[in-house]
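Residue numbers (UniProt numbering), protein chains in the order written: chain A, 1 to 459; chain B, 1 to 931.
Since the hints were derived computationally from the structure, they do not count as laboratory data.
Nothing here was measured: the structure is a model prediction, and the numbers come from that model.
We put the beta carbon where it would ideally sit given N, CA and C, even for glycine.
One thing to keep in mind: the hints can contain errors.
Pairs of lysine to aspartate or glutamate, EDC-like flavour, derived with a Cα cap of 20 Å [claimed, not checked]:
1. Lys817(B) <-> Glu27(A)
2. Lys448(A) <-> Glu910(B)
3. Lys331(A) <-> Asp53(A)
4. Lys76(A) <-> Glu245(B)
5. Lys773(B) <-> Glu75(A)
6. Lys817(B) <-> Glu75(A)
7. Lys773(B) <-> Glu27(A)
8. Lys883(B) <-> Glu27(A)
Over the 10 Å line for every Cβ pair with chain A, so calculated as not near, a few chain B residues [claimed, not checked]:
9. Thr84
10. Arg254
11. Lys322
12. Phe333
13. Arg706
14. Ser784
15. Leu854
16. Asp922
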Amino acid sequence: MLRWLIGGGREPQGLAEKSSVQTIGEEQIQNPYTELLVLKGHQDIVRFLVQIDDSRFASAGDDGIIFLWNAQTGEKLFELHGHTHKITAIAPFPSSDSSEEKNPLILTASADRTVIVWDCSSGRQVQKVSCFHSTVKCLTVLQRLNVWLSGGSDLCVWNRKLDLLCKTSHLTDAGITALAELPKNCVAAAVGKELIIFRLIACNGGSEGWNVLEVKRLVDHQDNILSLVSVNDFTFVTGSHVGELIVWDALDWTKQASECNFWDSSVHPDIQPEIKLSQSPNETSVQHLTSDEECVFAAVGKGIYVYNLQMKRVIACQRTAHDSSVLHIKKIPNRQLISCSEDGSVRIWELREKQQLPAEAVPTGFFNMWGFGRANKQANQAAKKMQENTPVYFLDLVGDLIGHSSAVQMFLYFGELGLATCSADHLIILWKDGERESRLRSLTLFQKLAQNGDLQLKF
Amino acid sequence: MISAPDVVAFTREEELQDELYREPPLPEEYSVPLFPFAGHGANPWAKVANSKFSRDFILISEFSEQVGPQPLLTIPDDARVSGTFDLNYFSLRIMSVDYQASFVGHPPGSAYPKLNFVEDSKVVLGDSKEGAFAYVHHLTLYDLEARGFVRPFCMAYISADEHKIMQQFQELSAEFSKASECLKTGNRKAFANELEKKLRDLDYTRTVLHNETELQKKANDKGYYTTQAIEKANELASVEKSIIEHQDLLKQIRSYPYRKLKESDFHPYEPECALLDEANAGCERDPTTSDPAETPLYTHVPSYTPKLIKAKSAKCFDKKLKTLEELCDVYFFTQTLDQLHQIERTFRGDVCYLLTEQISRALLKQQTITNFLFEDVSCLDEKPPEKQGRGCQGHSHDARDGKCSEEFLAPTVVISLGSYKSSVECVPIKMEQDIEDTQEPQMSESVTFEHQENLDYLDADLKGSISSGESIEVLGTEKSASGLPKSESQASLPVSPSPQVGRSKVGSRRTVSEDSIEVLSTCPSESLIPEDFKASYPSAINEEPYVGDEEGGLRFTPRLNLDDADEQEDVSNQENLVQVDSACCIGKESPNFLEPELGHKPCDEDGVVRIPPQPYRASEPGLHGTFGSFPSHDGIAGGLLPYELDSRYLGGSREVSKSSLDECSDSTSYMSSAASTCSDRTPSPAHPACHGADRHKKKAGQNALRFIRQYPFAHPAIYSLLSGRTLIVLGEEEAIVKKLVTALSIFVPNCGLYGKPVKHWLTSPLHVVDFQKWKLIGLQRTVSPAGVNVLHTLSRYSRYISILDADSKTLRCPLYKGSVVSRLADHRTQIKRGSTYYMHVQSILTQLCSKAFLFTFCHHLHLPISEREPEESVVSRRMNFLKLQLGLVNEDVKIVQYLAELLKLQYLQEPGQGVSPLLRFDYVPSFLYKI
């Protein structure tokens with residue numbers, strides 16, 4: 001296409017040309033998103049999207065402003081000003097049944113070393129905490145205990161009223177990069193290469209009093225831990241900058257399994273792992289992890305890997321799922337997966353089970369022209385090494401969403417309401433199912449007609 | 001959009017003529033015989049060849065107290081326009097029909113000089129010798145130095161085409177009223193200033209005189225007054241009196257706007273543009289906005305040094321009268337001129353063009369839900385002239401009705417017979433439709449003859465200002481009652497905005513003698529026919545039976561809310577009366593009807609068509625009534641005259657109108673051909689706001705025509721635009737790209753009320769927001785790195801766009817296999833002219849709009865009939881409707897769906913906030929087309 005534009009139409013045929021880059025082309029039957037709404041407001045990179053309730057979400061980024069949006073209409077609900085620096089962490093604080101406050105709250109942490117609690121219903125600032133010694137890099141709400149944790153150079157425990165309940169000693173200058181809730185009142189904190197398990201212990205004095213205690217330090221990772229996700233009550237997973245994926249037991253914090261170089265496929269004997277590591281560590285860093293009950297989905301470099309917890313191996317992968325690093329992935333229903341990347345695109349994948357042997361398995365549909373062959377082959381060849389009777393999976397590109405002109409930092413899946421993506425181009429795009437929207441508009445149209453009394457004949 | 005373009009044969013253009021000449025001549029036996037009277041370059045439509053001016057113009061004249069009627073200025077101010085036309089002579093004519101003249105001066109018996117706040121009068125007259133017809137708007141301006149403080153002026157719209165004057169009467173009247181109001185406002189301001197200066201002078205003079213008297217008193221010790229002292233004292237007394245008089249005048253002029261405001265009909269002049277320069281902004285205040293207590297309008301100029309006034313200011317004739325500019329505040333004067341220029345622009349061109357424009361505009365205005373799609377709604381939004389009148393009318397309806405009924409009930413003894421006579425005479429002939437054949441008038445002839453005598457008798461002592469050689473025939477006049485505070489102003493003009501009910505062309509025929517001025521129509525405001533006078537026509541009422549309540553009801557629709565039943569009866573009675581009188585006229589003229597050469601008329605003979613004003617009135621509340629009246633409107637040259645019904649009121653005016661009426665017997669008039677003349681062949685838009693738009697349309701149509709002929713892949717490109725897929729026109733040369741964009745822009749549906757989503761020229765890389773905002777973009781192709789970047793974004797967003805490469809003549813866009821676009825853009829089309837093609841496009845787009853409307857607003861196509869109905873069946877029903885009922889093929893469905901989506905968005909849009917800009921797209925493959 002580009003060649004056609006520049007070269008003035010060398011291509012003999014009108015059909016979009018084949019490309020070595022993995023694309024799906026323009027015909028995307030399974031892609032439901034046929035309508036988009038651009039939400040403008042931010043003046044800098046938008047890094048965070050967080051869901052407040054069924055129809056609302058908040059966005060925040062480097063401009064320090066938090067916007068509240070209606071996910072259905074795209075209406076800007078509130079514009080929250082309070083931070084003077086970029087936002088570093090955001091977490092929803094759902095209303096608890098016990099508390100008198102019914103309004104949902106959100107917590108935001110900023111590089112100005114403050115944390116602000118906002119009321120999402122009124123858009124006003126509830127409280128501001130500015131007693132931090134360093135930037136808070138992560139926030140976690142422990143709904144069960146009705147407390148929230150802030151992680152910077154130390155770990156602080158707060159209650160809903162923003163009373164500091166307890167804090168750890170200074171851990172490291174780099175600070176806590178990730179927090180995950182574990183069973184038995186424990187939390188896992190990623191501090192550099194280390195994974196520290198803290199336990200919250202109730203004070204004898206009051207019901208509200210908690211003490212935080214370091215329980216264990218896990219030093220299995222070779223490089224900084226970038227992602228930390230709790231899979232279920234028994235398992236959590238960490239991923240590091242050099243591509244180590246470790247599955248931990250959530251109860252006794254032992255290593256259950258690890259995948260250190262699963263990206264280093266044996267089908268690529270010509271590429272030496274060392275060279276690869278030294279050359280581009282970004283290629284292998286585990287940027288983001290997500291999971292469902294069976295699998296952990298890892299965004300590793302440009303690729304996406306599906307690690308099955310039971311089989312303890314990678315069952316499917318897409319080595320170059322994007323042109324650039326994958327920043328965020330999310331499992332959605334129907335065995336589908338959404339990923340977004342620095343290349344500005346969002347892609348929808350489907351985890352499919354391959355029935356036949358790889359050589360003749362290449363589908364005859366339109367996908368084969370978009371360069372799927374290679375990826376499938378890789379997966380298949382990897383699978384060949386396994387027993388022949390195990391099912392073979394592959395990730396199939398179902399659709400892609402192109403709209404942002406810069407890296408897509410994050411997205412938020414709203415089910416049938418659509419998908420919100422935020423990007424470094426300062427925009428948020430709401431992707432919607434055009435059919436559904438059209439139907440809804442018709443519905444409102446007739447409601448409005450009835451309301452206006454226009455349905456009566458005026459003769 | 002609605003009008004059929006090629007029917008408008010009069011809007012001739014130069015190019016057409018050229019093409020005609022270029023074509024090889026037909027064989028003799030096939031050729032149509034030429035217009036027999038045609039000389040070289042003549043065309044059958046150039047009816048009034050004897051008009052001495054090339055196009056319509058506006059003339060402002062004054063009845064100077066020193067030199068009599070004189071022309072002041074013309075608009076456009078171009079000697080070529082008026083040509084050999086004798087402005088002096090015509091000024092005399094138009095000034096001589098001023099009904100105001102009798103009000104000049106202050107009425108006797110009042111202690112102080114009293115200003116008459118005289119209403120404007122509006123008259124249509126025709127000078128058949130000059131081949132000129134004019135709408136004449138009389139007004140008076142105040143001048144302290146003038147006799148009776150008033151200076152009569154008039155503004156006239158002069159055209160060779162009397163149809164135009166008649167049919168656009170309402171609009172002309174509304175527009176000229178605005179101009180007049182503006183001028184008068186400025187004049188009042190200037191007059192107040194002048195008065196203030198005079199007062200200061202007088203004050204100063206009084207002081208000086210007083211001092212002198214005191215001095216004399218002191219010097220005088222003889223105990224008696226010298227004659228000199230007495231003289232001085234007298235002088236002082238007269239100055240004192242003068243001061244009081246002038247103060248009173250000042251009070252009167254200052255109170256004017258507020259007095260008028262109390263009358264609901266008064267439309268104070270409101271400056272239309274907010275571009276007042278600062279200097280004016282201070283003093284120029286709208287009377288409506290300010291509190292009556294304070295008068296910022298007449299804040300005086302502070303820097304004035306008073307001067308001594310001679311005891312006897314000589315009123316000599318060598319004194320130079322103030323010019324029009326001096327009479328009026330500068331700001332208002334320029335505003336008035338602007339307004340007049342705008343009038344000139346608005347009414348330029350052929351009347352049938354104006355009418356078509358008005359009709360289609362009015363129809364479009366009614367399509368409130370779909371008209372935004374392909375029309376410039378901003379043009380529609382602005383009130384066209386005829387609507388303005390109505391708007392005011394609507395406002396003041398209650399008040400006026402109240403007043404009307406009040407006056408109806410009040411005994412109306414003041415009315416003189418003579419005034420009734422004039423009103424009767426000027427009533428345009430009203431007949432039922434079936435009188436069109438010539439027997440009917442004949443039949444009525446004998447019957448009505450004696451009534452005519454009656455009329456003559458009644459009229460006998462009251463008329464007479466007209467010499468036989470130069471007859472002025474007043475066919476109607478908008479007569480406002482004199483400037484008494486009680487009077488109604490012109491707002492009551494559109495009293496009966498009824499659709500055209502049966503009106504006979506034949507009935508309105510009338511022959512005029514050479515060199516006659518016919519005042520074709522006047523419009524009275526409220527006034528009454530005295531009851532007793534009505535009684536003198538009992539037989540007449542029987543003769544012309546009133547044709548049914550239904551019709552009457554229709555006619556009086558706007559007035560139906562008059563509470564008084566008696567009054568309605570009155571009205572219908574009066575209408576009968578009116579008909580009688582028309583019949584009289586017909587009776588007199590009927591012999592003429594039988595003359596064979598009536599049908600076509602030699603060019604050299606003066607013909608005066610007597611078609612009363614019949615503005616198009618589609619803005620009636622009853623749309624269907626309006627539609628129903630179209631046949632009569634089209635078929636018969638003289639439609640309904642809204643004014644004729646008003647004319648019955650004319651008798652109610654308290655003053656005998658000065659211009660008396662010619663008897664029918666005196667003048668022989670006949671109907672000229674119904675074909676209208678165009679005094680100025682270049683068609684002009686009916687609305688000033690859309691003035692430029694028209695030329696744009698023509699150009700765009702021409703370019704589009706060229707595009708579809710030149711590019712074989714025009715269809716998919718147009719389909720892209722119609723289905724809401726942004727089309728990028730890529731090219732190196734701005735002019736070429738812009739031309740293509742202009743051509744294609746006529747196919748772009750609007751997304752909202754704010755202009756076309758078209759960007760003519762863009763040099764920066766595109767973004768997804770751009771596709772939301774614009775549906776047609778001209779994009780620069782450069783070889784620089786930035787240019788590569790631009791191309792890169794194009795390939796990135798290729799799914800949202802179609803790309804037309806103007807340089808290599810390729811198109812990359814989805815496939816189109818439908819049928820709508822091929823009708824829209826047939827490269828073998830016979831249409832040659834841009835504006836015609838534009839209208840062709842508009843008509844097909846209108847069709848699409850109506851399909852989209854149907855689709856959008858059919859309930860069951862979108863919502864399940866029953867609770868349990870699955871979504872799939874709704875979907876299949878929807879598709880069936882689109883394909884079977886609407887007859888859409890393949891991709892045409894997408895077009896209608898897209899338009900329907902736009903309609904939904906527009907309808908759901910909350911007032912105040914814009915349509916949320918969303919981008920809809922499809923995942924469909926694109927193809928590359930080449931020439």
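Hints versus structure:
no.	hint	verdict
1	Lys817(B) <-> Glu27(A)	holds (18 Å)
2	Lys448(A) <-> Glu910(B)	holds (11 Å)
3	Lys331(A) <-> Asp53(A)	holds (19 Å)
4	Lys76(A) <-> Glu245(B)	violated (67 Å)
5	Lys773(B) <-> Glu75(A)	holds (17 Å)
6	Lys817(B) <-> Glu75(A)	violated (38 Å)
7	Lys773(B) <-> Glu27(A)	violated (24 Å)
8	Lys883(B) <-> Glu27(A)	violated (23 Å)
9	Thr84	holds (56 Å)
10	Arg254	holds (47 Å)
11	Lys322	holds (56 Å)
12	Phe333	holds (47 Å)
13	Arg706	holds (22 Å)
14	Ser784	holds (12 Å)
15	Leu854	holds (13 Å)
16	Asp922	violated (6 Å)
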